[in-house]
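Full structure from sequences and hints, please.
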Amino acid sequence: LPIDDLVMVESLVALHCKGCTSLLWPPAIVQDQGGEEVMKCLRTGVLDLRAQTDLVELPDMSQMAGERIKTIDIRGLLRLKSLPVTDLLSIRTLESVECEDCLLLRWPPKHVAEQGGAATLKFLREGVFDLSNSGFHLLPDMSGLAEAHLKVINLSDCREIQEIDTELVHTMTTLQSLELRGCDKLDFPPEFVRNLGGRCVVNFLRHHRLNLSGHDFESLPEDLPSLKGCELKELDISNCPNLTS
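Reminder that position 229 of the sequence shown reads as 229 in the numbering used here, one-by-one numbering, no gaps.
Read the hints as simulated data drawn from the structure, not as lab findings.
Straight-line Cα separation of at most 20 Å, SDA-like style, residue types lysine to any residue; simulated pairs:
{"hint": "1", "residue 1": "Lys70", "residue 2": "Asp5"}
{"hint": "2", "residue 1": "Lys110", "residue 2": "Arg125"}
{"hint": "3", "residue 1": "Lys110", "residue 2": "Glu147"}
{"hint": "4", "residue 1": "Lys110", "residue 2": "Phe136"}
{"hint": "5", "residue 1": "Lys110", "residue 2": "Val152"}
{"hint": "6", "residue 1": "Lys185", "residue 2": "Thr166"}
{"hint": "7", "residue 1": "Lys151", "residue 2": "Asp165"}
FRET-style restraints, in silico, Cβ to Cβ:
{"hint": "8", "residue 1": "His137", "residue 2": "Asn195", "range": "17 to 25 Å"}
{"hint": "9", "residue 1": "Asp54", "residue 2": "Asn133", "range": "35 to 43 Å"}
{"hint": "10", "residue 1": "Arg50", "residue 2": "Phe217", "range": "55 to 63 Å"}
{"hint": "11", "residue 1": "Leu243", "residue 2": "Lys81", "range": "49 to 57 Å"}
Note that this is a predicted model, so its numbers are computed, not measured.
All residues carry an ideal CB built from backbone N, CA and C; glycine is no exception.
Take a look at the structure:
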């Protein structure tokens, strides 16, 4: 649609386009709401879906990256379970995702959604899930977060946690760092691996690679034999000038 031309017609209050199935913008879910809602959407760039109370998932947004969406408003959609984070982040014009009171929404966390749409979008773009200094014994269920576009999970100083599901590094393909320093009760991965930092942990769990290059130690870590059953494939000790044994 020639959106610029349409919005310049100041007297235009309704644009009826229901059934125009080839149009990417406005999407069919807006077209079905009637001409006035369509025109409001075009003028403001707000995709208001609050009236879609039966919505379980958002409409396909993979083709909307070039459209003029500024705000997506899904507040109060009680049946909505997930957000297509990757598709949302591809919309360059997007400024806000309003998702307060979506009680079944797995991501973002409630305390983030309550900060408002701009803060929510910032959180989604950064992709950091900070659980550091938490007192739980087991890692919260993250099986529903495979599409959350997470880059970093910070579990540092979670001193009571005893076990983590290492499969999450495979299901969360965007995950780059898993911080486990200070998790004293974890048996795996070993402490010396955890102390190498989150990126090394992910590389170790996902690819069975251990990068010890550039360190100033004189001997290899004493815990190295504990990796016997870990299917370690690559060990990098290059540029360790003090290594003697």
